[in-house]
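J.: Chain residues, written in single-letter form:
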Amino acid sequence: MSAPIQLQPGETFILNVGPQHPATHGVLRVKMEMDGEYIVKAETVLGYVHRMHEKMGENRTYAQYLPNLSRLDYLGALGYTHGHVLLIERAAGIEVPERAEYIRAITVELNRLASHLFWFGCYVMDLGGFSPLMYALEDREYILDMLEAVTGARLTYCYYRFGGLYNDVDDDFIEAANRFIPRMRKSLKKYAALVTGNIIFQKRLEGIGHISAEMCRKYGATGAVARGSGIDFDVRKNEPYSVYPEFDFDIPVYHECDSMARFKVRMDEMEQSLRIIEQGLAKLPGGPIMAEKKPKNIKLPVGDFYQAVETARGSFGIRIVSDGDKNAYRLKLRSPTYSNMHLFDEACEGMMIMDALAFMGSLDLVIPEIDR
Amino acid sequence: MGGYFSDIFNGSKSLLIGMGITFREFFKPIVTVQYPYQTIKMSARFRGHIELIADEEGKPKCVSCGMCERACPSGCITLGSVSVEIEVDGKMKKKKVLSKYDLDFTKCSLCGQCVENCNFGAIEFSKEYNLASSNKEDFHFNLLKRLEERNV
Amino acid sequence: MSLTVLNVIVAVVIAIGFAALNAAYLVWAERRGAARIQRRPGPNINGPFGLLQPPLDGIKLMTKQIMIPGGADKILFMVAPVLAMAPAILSFVTIPFSETIVAHNMDIGLLMIFAFASMGALAVLFAGWGSRNKYSVMASVRAVSQNVSYEIPMLITAITVVMITGSMDLKVITNAQAGGFWHWNIFPSLHSPLMPLSFILFFICSLAETNRAPFDLGEAESELVAGFHTEYGSMGFGLFFMGEYANIVIGASLTTILFLGGWDCPFGLFPGVWWFLLKIYLLIATFIWIRWTFPRTTIYGLLNLSWKILIPLSLFNLLLTAGLLKVF
Ligand code: SF4
Ligand code: SF4
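In order, the protein sequence lines correspond to chains A, B and C. Taking the numbering used here, the leading residue of the first sequence gets 760, the next gets one more, and so forth. Taking the numbering used here, the leading residue of the second sequence gets 17, the next gets one more, and so forth. Taking the numbering used here, the leading residue of the third sequence gets 250, the next gets one more, and so forth.
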């Protein structure tokens, strides 16, 4: 038997949270220096699921790179592929039919909804409540079924093409989506009563995990994390792309800077996504879903291109430096969770471990997206 | 002091509301599918692994042009062809015939590039999703053989 | 004398059987109940309604190898699960299920149950410390501070009841509530108008005492992996599990005896053990229902609840009852 650990007063110990820990939802490791239950210092350790997506982008043709982007963030994959196709279309000068853009917006919002639902369920489970996860998954199932009927996949979609879509939506999809919206509104009310209003839940989130707007700027945090700190920034509004200017929707912003603010931002975003889907379905124009004039082998002109989109987790940017070849010279992905996660190290100092993990959940981390 | 009691009151109320919700859910019907006993039909566009399509005679439609092999981002497809001489209008002509179509499904990302790039409509997605094995080799499909098996 | 000893031994054997059966089928009930709340069927493959699931789980656990982590304190590690289970079983000995079904009635039955209940904290502490796992130590420290702070309001509310009845004998307490449900302690009486409140206090405390959600800080699987029993597998884990459910049964029984009139039936119909069982299982169903509804509290939230709300309220209740008893 080895000697028991003798901890001197004022001495700290190291706690490895992860890479396999129920709260990190993936292979993230956080090295925490602990003083009892209090965190003295935390250090996130990345790279366990690094797959070289950027390098792959430089070795493959643009079309071949399409499936990769849905493997970054497996919960809200469509947003990422949307950014990619938008960039290539802009750079190569491909005209996209309006119907295709509308369908893209609708499916991206559906996907955002699915992603937020999953986050909501997992977050409540992080806090020890299991049943809301199951309710959220049930709602999400409707979305996945709809998307599967259209795209052929449930999670890692490869649906958008340069110049349009892989295939068109049918009446069944439109009908299912129209049926889904009132259902989802009802569910959101249920979640508000079951979770948001719950005193235990409120006590665990309010005032916990303070992130100031300065910190968000310093680390480049975007998405619900920044909006929960009072920064009114959403790429869909600030740098409009696709057909978003034609929709009437709001960007929820909260100024409390705590976990509850981030939670509420996402809950409100679900309602806004529903509004966009509703309008998109109503306005959906007819016509082709694929550009008529489109080169067979896409080559970008020499230059440097960047496109940002608002994904479920924040602002995702893709930058391509082209030397005129059929694959990129350099491809850089700016993944939102990577920036959001780095807030954790600074913000969790002095927190208790249970608060820190509740705070981590509010950042909505998807590890494969951080590691790429 | 008033805040103290209203806190207790509102807190207890929120707990009771939550319990009311789960109580109602308790009596609602079950929504899950009992998987091995029940299965659901895959949607028409579901993308399983690829499968060769046969023509009327049961031969693969594929002309082994190699477009799919080149288009595949993951390099899952390995084609093989032999050239045979066949008689067309009394003249002997050389023609490539597919002799091997291997799919390494372990690498496939189900992106659909191969199906889209085939100009001859020779491959399609299967509806197969019950794929599980602890042996990697089980996912190296010989699509030609599978086609023959389907024909008999 | 020897007859009493024999009596107790038989009772202990029956108690073990009762505890084990209860634990096994409460797990089943919990899983089914949770599943229904979450709108799925739950275990339904083995046997009708999945009723064979608990014995099969038991066999699985018993056939597994006992692993002791390197560097663990072997003795504490092995003792802890036994210590979790044993007091729970011993407590059954003094619980009166009906007028006649009681293994060994004691004048101080209530005190004995509380004494044994405190030993549960010791088991958690041993398990956490003996495992030599940082998560386990943190969890056990939490569980102990939780137990300490919840035993106080629990005891104070129990004392309120004892003051009204004037006895610590569980049988006497039950008999004092006989004769129609309006005599039950849960309803306000002349001497203690705040009885419904003390019932709620006692109920919350018994949730916390048994480490049940929303107070399952000792386990807290999304924070501390599996808390104090992270390193336990096979029957070590099984014993903790059974101990937990046995404690739930005891908590429910105690609540029933103190507040719901024990085996007393509401309208004087068919008195007997059935009413007792019905009452405790209704309480346990509420336990399960609560667990699958709420998220977990934090350790300081829990201590705040105890020291700022439960203890003042229960003390107030105690003083009020004492005063009223003096006046009337
Ligand atoms: S679906 Fe994509 S990855 Fe799979 S074989 Fe076809 S081209 Fe290759
Ligand atoms: S692209 Fe079509 S025809 Fe050409 S080799 Fe592939 S499957 Fe055969």
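Simulated from the structure, these hints should not be mistaken for laboratory data. Please note that a few of the clues may not be correct.
Coverage of chain C stretches by chain B, computed from C-beta distances (three or more under 8 Å per stretch; other residues unrestricted) [unchecked claim]: (1) 275-289; (2) 540-554.
From chain A, some residues computed to sit far from chain B (all C-beta separations above 12 Å) [what the hints assert, rightly or not]: (3) P778; (4) R819; (5) D904; (6) Y925; (7) D1017; (8) H1101.
Computed from a predicted model, the values in this text were never measured in an experiment. Yeah, the Cβ is synthetic: ideal placement off N, Cα and C, and Gly gets one too.
J.: Compare the structure with each hint and give your call.
T.: Checked hints:
1. 275-289: holds (count 6)
2. 540-554: Coverage by chain B holds here, the residue count being 3 at a Cβ distance below 8 Å.
3. P778: holds, 23 Å
4. R819: Incorrect as stated: the minimum Cβ-Cβ distance to chain B is 5 Å, not above 12 Å.
5. D904: violated, 8 Å
6. Y925: violated, 7 Å
7. D1017: Given that every Cβ of chain B is farther than 12 Å from that of A/D1017, nearest at about 18 Å, it holds.
8. H1101: Consistent with the label, A/H1101 stays out of reach of chain B, its closest Cβ about 30 Å off (over 12 Å).
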